[in-house]
Each structure stands twice: as structure tokens, then as C-alpha cells.
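Here the protein sequences line up with chains S and D, keeping their order. First residue of the first sequence? That's 1 in full-length UniProt numbering, and the numbers climb one at a time after it. First residue of the second sequence? That's 1 in full-length UniProt numbering, and the numbers climb one at a time after it.
Rather than coming from a laboratory, the hints here were simulated on the basis of the structure. Predicted model, so just to flag it, every value in this text is computed and none were measured. Beta carbons: idealized from backbone N, C-alpha and C, even for Gly. Treat the hints loosely; a few may be bogus.
Sample of chain D residues with no beta-carbon within 12 Å of chain S, all distances over it, derived [to be verified]:
#1 D19
#2 E34
#3 L66
#4 E72
#5 K88
#6 D100
#7 E119
#8 E123
#9 E131
#10 T199
#11 Q238
#12 L241
Calculated cross-link-like contacts (lysine to aspartate or glutamate; reagent style EDC-like; alpha-carbon spacing at most 20 Å) [to be verified]:
#13 D:K427 - S:D19
#14 D:K88 - S:D358
#15 D:K88 - D:E292
Selected chain S positions facing chain D (Cβ under 10 Å, derived; list incomplete) [unchecked claim]:
#16 D24
#17 R63
#18 T158
#19 Q181
#20 L347
#21 L428
Number of protein chains: 2
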Amino acid sequence: MAEERAEEFEREEDDYRLDADLVDEILEAAEQDEAERVKTLLEPLHAADIADMLEQVSGHERRAILRLWGDEIDGEVLSEIDEGIREKVISELPADVLADAVRELDSDDVVDLIEDLEEPQQEAILDALDESDRAAVEQSLTYPEYSAGRLMQREVVTAPEHWSVGETIDFLRRAEWLPDQFYHVILVDPGHHPIGYVTLGRLLSATRATALSEIAEDSFRTISAWQEEADVAYAFNQYHLISAPVVDDHDRLVGVITIDDAMSVLDDEHEEDILRLAGVGDESAITDTVLETVRQRLPWLFVNLLTAILASGVIAMFEGTIERLVALAVLMPIVASMGGNAGTQTLTVAVRALATRDLTESNVWRVVRRELLVGAVNGMAFALAMGIVAWIWFGAANLGLVIAIAMVINLIMAALAGIVIPLGLEKLGADPALASGTFVTTVTDVVGFFAFLGLAGMILL
Amino acid sequence: MAEERAEEFEREEDDYRLDADLVDEILEAAEQDEAERVKTLLEPLHAADIADMLEQVSGHERRAILRLWGDEIDGEVLSEIDEGIREKVISELPADVLADAVRELDSDDVVDLIEDLEEPQQEAILDALDESDRAAVEQSLTYPEYSAGRLMQREVVTAPEHWSVGETIDFLRRAEWLPDQFYHVILVDPGHHPIGYVTLGRLLSATRATALSEIAEDSFRTISAWQEEADVAYAFNQYHLISAPVVDDHDRLVGVITIDDAMSVLDDEHEEDILRLAGVGDESAITDTVLETVRQRLPWLFVNLLTAILASGVIAMFEGTIERLVALAVLMPIVASMGGNAGTQTLTVAVRALATRDLTESNVWRVVRRELLVGAVNGMAFALAMGIVAWIWFGAANLGLVIAIAMVINLIMAALAGIVIPLGLEKLGADPALASGTFVTTVTDVVGFFAFLGLAGMILL
């Protein structure tokens, strides 16, 4: 029974992946120009899945699908679609379809939709909105990219602080519009400053006569519209916020951010970290063309080439040494490789700890010390292992000694570089993940080759 | 004005980091045994921040703080604290304090708290719960680790499908307990199968006479208790869920998962990916001791050592070649390094695309082809660059030709390894991030050295 369960547990891994057979069927229907069949197949899908499907098919196939199904597209599909191909999709759509699609969206989704578009496409979308929505979107756009002001939606449910539960419910019942999703009623003073909030659960479970102020939450955080969205996402995750009011410079309520948007920022931030650590342009997507991909990756490979040439320069300094003992050429990449690996380990832990605010002034010295000790311990362990291997392999105890010492030196340097480089980048106001990998392996290559070949020159020759 | 704003935008980067001065003050108060001052300083802090503080101080300092402030600790602090030191903190607390702290928590937090504890500590906590809470927690624990059944909270707000808005509100007002946070009322049939849900916003804005079934959401997803939590987190992010009902094998409602828990799973999954890619134990934390850290990292370094020795073995095959032309020893790390870098780029993009379900059967061939083309284009670009550098450096056009050809070969192989290895691991049911980095660089080292030195042997000597 337990095994059966475990097996089921295994199999469910595949959940939520877009079914390849379904995609094939859609493509077949599109190819045969069967508009009705395409519509029927897409009808039950969630907007996010339709967006994924449009991303996964080729440009040619996408155009075929849009030709047959394009007027059914809704705003949600557009806002779910990856930026890279969103522009292409939008340019395929008739103006009236686009206008209808956009009018359904909350202001934050419209902002997200248009901020990366070209001017004419932006204008077309703004023109489709009614006066007040347009003003809301345009005001959001005055805040910097990746700020809370861009992330927030302008549609907010507020109540004066002196209202009762009954008054609030009556107001909500009369309201002509309400956001699709809202989780709190924000209490505001006469100057429209948020001063607290009430969860809908409490509103529903309190008697009509209860004053809102009595059931307001204890903890209450506002977010500045100027704050970076990465910090907003962190705050939501750290404090388990569900929604948070956004305020302008005068602490007046200008919008609200909900957790689903914060969650997708968290996801994007992570993508950025992992891609930056690998030296891939952080906007890279699976839908990019060959040319776009080359353009993103080539600059980082070029930086790597320069650092690799630098490391070669170190080897060149010892050409004479290698000439006299070619075993050195065989062994030298091991020292460099172990250093690179150990440095990357430390670097990754440090970058992650900085992102989660777990590495702070309070513990930085303890962490640096720990990394150095770990480097020393691992260094000695692998010095011993590799020393013996080299000794047996080349029958020279001295050679074993040289590689052992070089290993200890390089693994300590790797630890140092792995922690100091991201800390330094952070101090300089740069992203600690940015190109750190390349810097760290430069250090470990240079130190590795220099220590090993230099020691060999002194001890062996 | 704009500049002033930009500056403020910059400065706010520091937000939400625990203030180092405050931590210093707390430590000072603890050292001087001033219990009142410690309490006053900690009072305004959010539980998550107190947990962070306890993680960032040394073991000695932590014990001092807990001695003075321990009886104030609440369940939320315990559930926020990192697993690594949670056990230590719990063992410092008197039994009655622990019992009080745990009783405040929702069942999902209790499960999260005890699942990694040793048996006796688990028992102590379970004993503190009343009968029904204990049963709820124990039932959650029957589901596998990292499953939806562990993540869900058992406290669910339900209503029979035939109720009206008025009946539901009256029920909520009379209810003796309600979860701290809830966002939906789940409609159930007489067999306790969930059949839809109503958002609290709709409940509040509809008239009392409205039937719940009329205002139920169109889209409705249930989650199997056996599903992996990583997939749950994906579903929340993909479909913008706020909460989702969890069902057992008979589709009966057993609990509910809320987005804040899904968000922290998403964050944990990211951590796992990034650490695994770097060959760091995925449980690694900034609070680990030197010994724990060594134990996590050493096995991966050992794997790397074996692959490095393998690469050295390839070089050893060409000892004679290198002896006759020592420039080869100088240049060979460049080919390997460029391959390693390019392979890591492809690998990272592939691992990420698999995690976000953007790489599927529908587009896998297109992506593989793209990566190979990118490898070829980058290979040719750097073949040209490095060919010229080698030619000038060593004054030998032939040597430039050799490194150029080796570069193209290795960058294409890097692309192939970078995409095929994670795909293969995924097919085998393993995590594509796991150790992929080491496998990929093994391929690029071996191919790099073999191609460069082999070609040199054929063309130059």
C-alpha cells in the first residue's frame, strides 16, 4: 500500500506540465485551418497555460494559431505571456481585439503589459482605456521600473476609520466596481492616509455593530511606491503579508500590492540570480532566437576568455619549469579545478544568504571565519588525497608534497574569494550575483597555477 | 527632484535587513543580564525578524538571549526559525513555555515545526496539543515529507453548497474558532467533497439572499494531499491561486493550502536549485557549523576531484606532445575553461526552464537545436579571436588553427552536454540541477583537452 502510494507520489511529478499531445492536437487543428477546433481545444485552458503554449510553439505556428483564435484572446493571456514574444503577439492582433482585451485588466496588469512595449504599441493600448484607468496607469508609469509603484494596482477598497462592520458591508454591497480579488479593507483617515486594515475574514465574523477599529490587525505595514520590487517580494515572504497598501511621498494611499504579484517577483528575482551567477544575460528566455541568445551570452564568454588568457599568462611564466617536468602540465588543472569548485560553493551560499538577508553586519565576520576554516579543512583533506595520488601516479613524493601545499593554499583562497567578492559587489551597490562566478574562478585559476607551478619550481627543480 | 528620488530609491535597498545596531544593543543587554531591556528591545519586532536575529548571533549569545527572554517566545518565532538551529532553541526552552507556544499555532505550522525534530522532542510537542489538534497533526504526518498533506492546514472554513450568503455570514459570526487567515469559503457536498469556492470579497458584496452557488468562482482546482509541494508551489504561481482545497484519495476535503505557504516553498525550491547547481548540500544554511559545512561540501568536491583526475588522465595521454611543444600546456586551459563556461550557461538556462515547465516535449528539439547553433556561433567567434591571439602570442599560425578548431568542437559539445545532461537526469526522475554542473564540466574538460592536444599532435608535430 505504502509503495503504491509512493509510486503515485512519483508519478504526480508530471502535474501541471502542458500536455504535449494537446499541443500537437492544437497545432494540427491550426495547420488544417480548423478555427472551431482550435477554439474548442483552447477553451478549457487557463490563461497562463495558453500563454505557455504560445511560448512553446514556433513563430510560424504561433501566427497560425493567432490567425484562427486571436479574437478570443483576453487580457489575462496577454499579461501572462513572456515579454520576449508579447510584443510579437500584440502586433498580430487587430486594434479592437487588443482594446477589448486590455480593458478587462486591473491597472497593475496593464502597467506590466505596456512597460516594455515600443511607444506606438503603448499608445494604442493607453488609448483603449477609459479616462480614469488611463490616468491610473500613467501615474504608475511615473514610478521607476521595478518599483512598488509599477507593481501595485490602483483599485483599492478603503473605508473611513470610524465605520462599523455593518456600514462597510452595506458599502461593499452597493459598490459598483470592486477589484477581482481583494483580501483587506484598508482604513484611511480623512487625508487618505492608510492607518490600518481589516481582513475580510474578520469583517465577516464580527457583528454589524462592531467598529472597524476594534478588529483591525495589530501588525500593519505600508510600502513606499519608490521601493524596489525585490524588497517588496522579500517583505511579503518574510512577514507573510497577503496584501499591503502602497503610499506616496506624503504617506497617502496610492495603491495596493497583493501576494500573487509579490510571488511572481520573487520567482523573477530568483531567475535573475541563477542566470547571473552562470553569466547568462538575466533577461534570457527559452523563446529567444539564436541571435538573441548569442548576443546575451557572448559578452560573458568574452570576459571569461580574458580571464582564461590571464591564467594562461601565469602558466607561461613557468614554461621552463613545465618543459623540465611535463607531469606538472598533467596535474595543474586539478588544483585549479578544485579551487574553482570550492570557490563556487562558497560564492553560491554567500549570494543566496545576501538575497535572503541572512548575511548581515552582525554575522559577517563569523561567516567569513567559517568559510576560511571550511576551506582549510577541505584543503587539507584533498591535499592528503591528491598528494598520495600524485606520489603513486608519478612515483615522486616531492611532487605529491607540491600539489598538497598548492591545494591547501588554493582552497583557502577560494573560500576568501567566494565570500569577499559578493560582499564587495554588494557594498558597491551592485548585484552580488553579477559575474561573481567569473571573478572567483579567475582568482582560483591564477592562484592555483601560480602556487602549484611556483612551488614546483622551488621544490622540485 | 528626479535625482533626489533616484537617490532615495537607491537607499531603500537596505530595507528589511535586520538593523545591526539593534542586534548589538540586544547582545549588550543580554550580556549584562538585563532581561527587561532585552524584552523591550524584542517586543516591537516581528516574529520572523526575531527568528533571523537568533540565527545570526553565535550559539553562546543565543543561549544568553533565550535564558532572559525564552518564556516570551511564541509559536510563530519557533516556526520561523531555521531548521538547523530550531532543535537547539527548542531544547533550551522549559516544557511549559514550549507547550504554550505550540498551542497557538495552526496545524500546518505545528507539522512544519516537528517534522524534523527527534522523537522525544516530537512527543513533547504533540503532548502539549489537545486531542483534536494532535489528531490533525498526526494525520498530516502520515503523508510523505514535502507533500501537500504536510503543507496544508487542517483548519478549513466550509459551507454546504445550498447555503445562502446570509446563512454563511450568520454561521461565521457564530463560529467559535476560525483560522487566523482565510480567503475563501469552500463549498462541500454532503460527502464532504469540495465542489467550488466563494471568495470572501464576493461574499461581502452580495446580498444576503444570494445563493453561494451563484457567486462561486468559475475556476476551481483541488490539490491531492499526495502531491509534491514543489508542484503545489508551481500551481499557485502559475494560476495565481490564493488558497486551494486539499483532498484525500476519495476526493474528500482534508485541508487547505494558502499562498503564503506556497510562496515559502517556492523560495525553498529556488534555494535548493541554486545550491545543487553549485554542488553544495541543499540543506546548507548560514548557521551551520564548520563541521556541518565540511560534511555537506566535501562529497561534491570529492566527485569533482575524480572528474579532474579523469581530465588529467586525458592530458597524460599527450605528455609526449606537450614535451615537444610546451605552449600547448599554456593554452590548453583556455579551451577547457571556455567550454566549461558555455556549458554552464546552457545548463543553467535548461535547469531553470525545466523548473518553470517552459521546456517540454513540444519544444525540446527546437531548444536543443538552438543551443547547438548558439554553441557553433559562439565557438566560431571565439575560435577566430583565440586563433589570432595564439598565432600572435606564439608566432605560429598552425597553433592558432589548432586552438580554433578545438574551440569550435568544445563549444558545440558544451552546448550538447549542457542541455542533454539535465534532460537526461529529469527523464531518470532525478533533479536536473543535481550535480549537473560537475557532469557538464567533466565533459568540457575531457573534450577540450582531448580535442586541443589531439589536434596538436596531428597537425603540429
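Hints versus structure:
The non-interface label for D:D19 is inconsistent with chain S: the shortest C-beta to C-beta separation is roughly 9 Å, within 12 Å. No Cβ of chain S approaches the Cβ of D:E34 within 12 Å, the least distance being about 19 Å, so the stated non-interface status holds. Residue placement check: D:L66 keeps its beta carbon more than 12 Å from all beta carbons of chain S (closest about 17 Å). The beta carbon of D:E72 is kept farther than 12 Å from every beta carbon of chain S, the shortest such distance being approximately 16 Å.
The claim that D:K88 is not at the interface with chain S holds, since no C-beta of that chain comes within 12 Å of its own (minimum 16 Å). For D:D100, the condition that its CB be more than 12 Å from all CB atoms of chain S holds, with the nearest at approximately 19 Å. For D:E119, the non-interface assignment is confirmed: its Cβ lies about 20 Å from the closest Cβ of chain S, beyond the 12 Å cut-off. Interface exclusion of D:E123 from chain S stands, the closest Cβ pair being 23 Å apart, more than 12 Å.
No beta-carbon of chain S comes within 12 Å of the beta-carbon of D:E131; the shortest separation is about 25 Å. Listed as outside the interface, D:T199 is inconsistent with that label: its C-beta sits roughly 7 Å from the nearest C-beta of chain S, within the 12 Å cut-off. Non-interface call for D:Q238 relative to chain S: violated, since the shortest CB-CB distance, roughly 5 Å, does not exceed 12 Å. Distance check for D:L241 against chain S: the nearest CB is about 8 Å away, which does not clear 12 Å, and the non-interface claim fails.
Note on D:K427 and S:D19: the hinted pairing holds, with a Cα-Cα distance of about 16 Å set against a maximum of 20 Å. A threshold of 20 Å between alpha carbons decides the hint, and for D:K88 with S:D358 the separation of about 18 Å falls inside it, so the pair holds. For the proposed pair D:K88 and D:E292, the alpha carbon gap of about 15 Å is at most 20 Å, so the pair holds. Proximity of S:D24 to chain D holds as hinted, the smallest CB-CB distance being about 7 Å (cut-off 10 Å).
Contact between S:R63 and chain D, as hinted, is not supported at the beta carbon level, the nearest pair being about 15 Å apart and thus beyond 10 Å. Look at S:T158: its Cβ only gets to about 14 Å from chain D, farther than 10 Å, so that hint breaks. The beta carbon of S:Q181 is positioned within 10 Å of a beta carbon in chain D (closest approach about 7 Å), and the interface hint is therefore held. A hinted interface residue such as S:L347 counts as satisfied when its beta carbon comes closer than 10 Å to some beta carbon of chain D; here the least separation is about 7 Å, so the hint holds.
At a threshold of 10 Å, the smallest CB-CB gap from S:L428 to chain D is about 12 Å, leaving the interface hint violated.
Comparing the model with each numbered hint stated earlier shows that hints 1, 10, 11, 12, 17, 18 and 21 do not hold.
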